[in-house]
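These protein sequences, in sequence, are chains A and B.
Numbering follows the numbering used here, with no gaps: position 123 of the first sequence is 138.
Numbering follows the numbering used here, with no gaps: position 52 of the second sequence is 67.
Worth flagging that the hints you see were computed from the coordinates, not collected in a lab.
It cannot be assumed that every hint is accurate.
Where chains are identical, the list cannot tell them apart; a pair therefore holds if satisfied intra-copy or between any two copies.
[To be verified] With a straight-line cut-off of 30 Å between C-alpha atoms, the simulated DSS-like cross-links for lysine-lysine are:
1) Lys22 x Lys56
2) Lys66 x Lys56
3) Lys66 x Lys100
4) Lys56 x Lys100
5) Lys100 x Lys22
Number of protein chains: 2
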Amino acid sequence: MEEHELKLIIAQADDAINREDFDAVMSFYAEDATLVVMPGKQVTGRDALRKAFVAIAEYFNHTLHVSQAEMVVIEGAATALVLAKTHVRATMSTGEIYDVERRATYVFKRAASGRWLCAVDNSYGTDLLQ
Amino acid sequence: MEEHELKLIIAQADDAINREDFDAVMSFYAEDATLVVMPGKQVTGRDALRKAFVAIAEYFNHTLHVSQAEMVVIEGAATALVLAKTHVRATMSTGEIYDVERRATYVFKRAASGRWLCAVDNSYGTDLLQ
């Protein structure tokens, strides 16, 4: 598929997460977006998302590095379903390396301004199904 | 998770597909929704979707039966990401039985009327990633 503008937007969001620039991170989300923090735990709203990102950074000992490899974007009705191979890497406080690849699913919607904002951030994809 | 209203809506849409009531099927989609017909082939817009559903019914010898087993709904910013174990069954014209389970990903959005409409219908889920 051809390069979709969301690929650059998501790369910029990843960069903000990796730099722990949480104000920048929040600018990629809709006001009442939902983040799946881990299977069975999700938070909604920018304030709750910001707290979750701060806690995640702490959990990963401030070494979290997220990036996307292959990505598929399917646009419809001013929304987009993004499927991505997401790479999550960190060095835990024990010195152990955390290194996983997930098949993530993100929903973006086009704001009235024309800007894409993330509405649902579920890096666990269909693994949430039993 | 508690029962989400989208579970009933999707069951009604499946029933309409199984009855080949294409007018009813179309009423579940946003005007410019996108359907992934098969990996690498997608169509956008109610007219194109209707034609695709007619062709799919024909392809499956008018014996197509779709249903969802487990479903997870993640709502955010007036959209919803639906993850579902989708069961697709049919008897081909050769007499062969087609029987597969997919891990589907659907995006719904809330219309101004408050009604949920499907914006992206991708029954192949993250299998579209190589």
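Here's how the hints hold up against the structure:
no.	hint	in the structure
1	Lys22 x Lys56	both (26 Å within a copy, 20 Å between copies)
2	Lys66 x Lys56	within (14 Å within a copy, 40 Å between copies)
3	Lys66 x Lys100	within (25 Å within a copy, 32 Å between copies)
4	Lys56 x Lys100	both (21 Å within a copy, 20 Å between copies)
5	Lys100 x Lys22	both (12 Å within a copy, 27 Å between copies)
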